[in-house]
Amino acid sequence: MASEREAALALTCFMAEYGWPLRVPAGKMTLRQLWSCPDRLLAGLLKLPAAETWRIGAFKSSFSARLMFEELRRTDVTLVTLGEEGYPSRLTEIHDPPLALFFKGTLERLDGFMRQPRIAIVGARRASRYGIDAATALAGGLSRHGVCIISGLASGIDSAAHRGALESRGGTIAVLGCGPDVVYPVSNRRLFVSILDSGLVISEYPPGTKPRPWRFPARNRIISGLSRGVVVVEAKEKSGALITADFALDQGRDVFAVPGSIFSELSAGPNRLISTGATIVTGAGDILAEYGIEPESTENESARVAPPDLDTNEKLVYEASSARPRHQDELAAHSGLDGAATAAALVSLEIRGLLKFEQGHGFRRCS
Amino acid sequence: MLARLHSYAVLGMDAYPVEIETDLSRGLPAFSIVGLPDAAVRESRERVRAGMVNSEYEFPLRRITVNLAPADVRKEGPSFDLPIALSLLAASGQLKSESLEVYGAAGELSLDGSVRRINGSLSIAEAARRAKCRGVLLPAANAEEAALIDGIEVIGVESLSQAVEFLKGEAAIAPACVDAPALLSVYRADNLDLADVKGQEHARRALEVCAAGGHNLLMTGPPGSGKTMLARRLPSILPPLDIAEAIEVTRIYSVAGRLNGGRSLIASRPFRSPHHTISHIGLTGGGGTPKPGEVSLSHLGVLFLDELPEFSRMALETLRQPLEDGRVSISRALLSVTYPARFMLVAAMNPCPCGHLGDTREPCVCIPQRIGAYRSRISGPLMDRIDVAVEVPGLTKKEILSDGKRESSASVAARVAAAREKQSERLAGTNAFCNAQMSPGQTERFCRTSESGARLLDSAIDRLFLSARAHHRILKVARTIADLEGSAGIEPQHIAEAISYRSMDRRGWDGI
Numbered sequence: 015m016a017s018e019r020e021a022a023l024a025l026t027c028f029m030a031e032y033g034w035p036l037r038v039p040a041g042k043m044t045l046r047q048l049w050s051c052p053d054r055l056l057a058g059l060l061k062l063p064a065a066e067t068w069r070i071g072a073f074k075s076s077f078s079a080r081l082m083f084e085e086l087r088r089t090d091v092t093l094v095t096l097g098e099e100g101y102p103s104r105l106t107e108i109h110d111p112p113l114a115l116f117f118k119g120t121l122e123r124l125d126g127f128m129r130q131p132r133i134a135i136v137g138a139r140r141a142s143r144y145g146i147d148a149a150t151a152l153a154g155g156l157s158r159h160g161v162c163i164i165s166g167l168a169s170g171i172d173s174a175a176h177r178g179a180l181e182s183r184g185g186t187i188a189v190l191g192c193g194p195d196v197v198y199p200v201s202n203r204r205l206f207v208s209i210l211d212s213g214l215v216i217s218e219y220p221p222g223t224k225p226r227p228w229r230f231p232a233r234n235r236i237i238s239g240l241s242r243g244v245v246v247v248e249a250k251e252k253s254g255a256l257i258t259a260d261f262a263l264d265q266g267r268d269v270f271a272v273p274g275s276i277f278s279e280l281s282a283g284p285n286r287l288i289s290t291g292a293t294i295v296t297g298a299g300d301i302l303a304e305y306g307i308e309p310e311s312t313e314n315e316s317a318r319v320a321p322p323d324l325d326t327n328e329k330l331v332y333e334a335s336s337a338r339p340r341h342q343d344e345l346a347a348h349s350g351l352d353g354a355a356t357a358a359a360l361v362s363l364e365i366r367g368l369l370k371f372e373q374g375h376g377f378r379r380c381s
Numbered sequence: 301m302l303a304r305l306h307s308y309a310v311l312g313m314d315a316y317p318v319e320i321e322t323d324l325s326r327g328l329p330a331f332s333i334v335g336l337p338d339a340a341v342r343e344s345r346e347r348v349r350a351g352m353v354n355s356e357y358e359f360p361l362r363r364i365t366v367n368l369a370p371a372d373v374r375k376e377g378p379s380f381d382l383p384i385a386l387s388l389l390a391a392s393g394q395l396k397s398e399s400l401e402v403y404g405a406a407g408e409l410s411l412d413g414s415v416r417r418i419n420g421s422l423s424i425a426e427a428a429r430r431a432k433c434r435g436v437l438l439p440a441a442n443a444e445e446a447a448l449i450d451g452i453e454v455i456g457v458e459s460l461s462q463a464v465e466f467l468k469g470e471a472a473i474a475p476a477c478v479d480a481p482a483l484l485s486v487y488r489a490d491n492l493d494l495a496d497v498k499g500q501e502h503a504r505r506a507l508e509v510c511a512a513g514g515h516n517l518l519m520t521g522p523p524g525s526g527k528t529m530l531a532r533r534l535p536s537i538l539p540p541l542d543i544a545e546a547i548e549v550t551r552i553y554s555v556a557g558r559l560n561g562g563r564s565l566i567a568s569r570p571f572r573s574p575h576h577t578i579s580h581i582g583l584t585g586g587g588g589t590p591k592p593g594e595v596s597l598s599h600l601g602v603l604f605l606d607e608l609p610e611f612s613r614m615a616l617e618t619l620r621q622p623l624e625d626g627r628v629s630i631s632r633a634l635l636s637v638t639y640p641a642r643f644m645l646v647a648a649m650n651p652c653p654c655g656h657l658g659d660t661r662e663p664c665v666c667i668p669q670r671i672g673a674y675r676s677r678i679s680g681p682l683m684d685r686i687d688v689a690v691e692v693p694g695l696t697k698k699e700i701l702s703d704g705k706r707e708s709s710a711s712v713a714a715r716v717a718a719a720r721e722k723q724s725e726r727l728a729g730t731n732a733f734c735n736a737q738m739s740p741g742q743t744e745r746f747c748r749t750s751e752s753g754a755r756l757l758d759s760a761i762d763r764l765f766l767s768a769r770a771h772h773r774i775l776k777v778a779r780t781i782a783d784l785e786g787s788a789g790i791e792p793q794h795i796a797e798a799i800s801y802r803s804m805d806r807r808g809w810d811g812i
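Just so you know, the protein sequences line up as chains A and B, in that order.
Adding 14 to a residue's 1-based position in the first sequence gives its number in the numbering used here.
Adding 300 to a residue's 1-based position in the second sequence gives its number in the numbering used here.
Derived by calculation from the structure, the hints in this document are not laboratory data.
Every value quoted in this text rests on a predicted model; they were computed, and no experiment measured them.
Mixed in with the good hints there might be a few duds.
Stated by the list, open to error - The list that follows gives simulated cross-link-like pairs (lysine-lysine, DSBU-like), each with its CA atoms no further than 35 Å apart:
#, chain 1, residue 1, chain 2, residue 2
1, A, K329, B, K396
2, A, K250, A, K61
3, B, K432, A, K329
4, A, K250, A, K74
5, A, K329, A, K42
6, B, K705, A, K329
7, A, K250, B, K698
8, B, K498, A, K329
9, B, K722, B, K697
10, B, K697, A, K250
11, A, K74, A, K42
12, B, K498, B, K468
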């Protein structure tokens, strides 16, 4: 009969197909025993409606662990199941830990990230420029102090958080609501590939699983479960980010919120969190202080000193730049250089990765 | 009785000789025109009849046959009225003159016998000169433009009777003459000045670079940032048209029937800005006998396409041939014509569908996918032909209200002219005459850069996710920047500035 690992795989695949909110009863028996129960008993244990019992039989007859392992090899996806060595211990603390995690990356890297402090940054997909800049700056600031940034690879705030972490060469984990080999949204392909280079992509769904609306709230519990704290940057009332914050509270994680305008509906979420007791965040320092990490001497972005090996013009332009993108003309005016000299300095700063060009916005300082 | 007269018909940019043969014979009174006439030519029977009678000539009550030779080419338009009337008068013995052999004629008749203006008189005069005519009778309203052609007498006539008197030698009409250089300076009025544009240093500089090297330009920015304003001022910093160029442009406008306001010479560079609903035919030209379209009307000038992604895909794709070859060929069932179309393309677009991406005053409400879809409406091959792409940010209130001293068109134009001078020296003997037109081979030959420049370019392409096809364009633009500065070699700072004009290639991250 199947090993514990195969049983976990089978149950996970079944649940990925059947969907949330199926829950495995914890602690009473091993997964192997559970999986080998008669269909009707298993349906009862999984709290599956009686009319759906046939699905178990249908699944069991079509499922082959061997084929699934081959699929994992083919898609270069690593599997770690609950209880195995390498399974993140933080996740075992939560109410309903995923039975198995599929991830792209190595177990060593996962282990490395689990030894670092981890903070999740989540927020709206259709975020404002302010939110994007805030998420990028926070992720960058935290990364520089060895914090691993966790988010969900959605467009908007999530992408900005991953990018901020990558730009300051920090670790980042993307937790997906689809198979770990599925890029969603497609517009994030390049980001996805960059994360594979130096971070991890994790999912509780087997390779090839398509994104479905009900899978995203479920993955939010993993985002908060993996982290020590969750930062909500911009979120409307009733949004996925607030679901993550609720999970964080249930799981005993810290909740942080970035304040915003009282007139913007995107700030309604974080502002309400603040009024109900979330820690207010105005810079990476606020979060670092919470965990006793000593922030760099000045966390004020514009006051950060330029790297020493810049020439005079580059230094002037670098000092004129900020975390908020600025158009070339604005940088020229601030640095006092003419257009051609500014252009020359910008190109060399960009090549060194100190500044970043954002289409439609201008040049932004990389954190 | 048989009479012959020379006339000319316009086809494309050129005119070809048409011989008008008129025969009067016995039989029932009839008037037929043969030689593939179109409706307008057939109707000329009525105009000729009324025009002759109202000029107090006798309309012969005989069987009249008019043949337009060569008979196998379709003839169109009303410009045969005057020669048909003249040959009819000659055939009926009312006009006896040796001059009929050496003068050609073209013109539309009005029912009262006066002569109306026609299209393409410049090309007609040119064809008459080629046919070694002594002179050509043209409507007085067109005489000046036709007189731009040297070596032929252009006789402007007001009416049929005036033409007859001239041919009989009863009245003398002095050949029209025109002082083209004087007209050039009189008509060259451009009251738009670059000094009117506030802020936008980067875009102004880009405009200067484009003018200097003949590069095509794309401006991206929110509504009201001054894209159109900048584009309209481009002709003011381009080198002025010389006589030969002015005549070339005038000829297109003459053929298209667009010489308005009594002006006989187009003295300043054309600036055309068709609306984005224009069809591809409207852009390239077309019709039964194809007329010049917007690309030809902006020959040697500027074609400005505002809201570039809103143009139909077909319209944008048809721009590729003229952008590449400097001319446009239009083929129809019976004929094919080629019009010159060497223009500078200036395009403007919003950064996103709502127009406010990157705008400091109003937030953008577009989702990333829609922004991507909006931008991808401009195909790669078209983007390939645009050397300079800049972002034009929305102005702050301070900038709008500022009253600082800004550089005028005249001083920018001086730099541009100097840079063009350098290019024509360097490119002498090649078919290119400005940097933008260099072929890949010429780019390799003329755009050598220092070793540090080449290193900069390489690392920029690697690190800034520039597309490989950007390589040559950066070199060309860098060459222009070096020319503006008067530098013989391409230095790293020129390369760097050229890279800053590649905003559309820079897709650091997808999404947002």
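| Hint by hint, which ones does this structure get wrong, listed from lowest number up? | Those not satisfied are hints 1, 3, 4, 5, 9 and 12.
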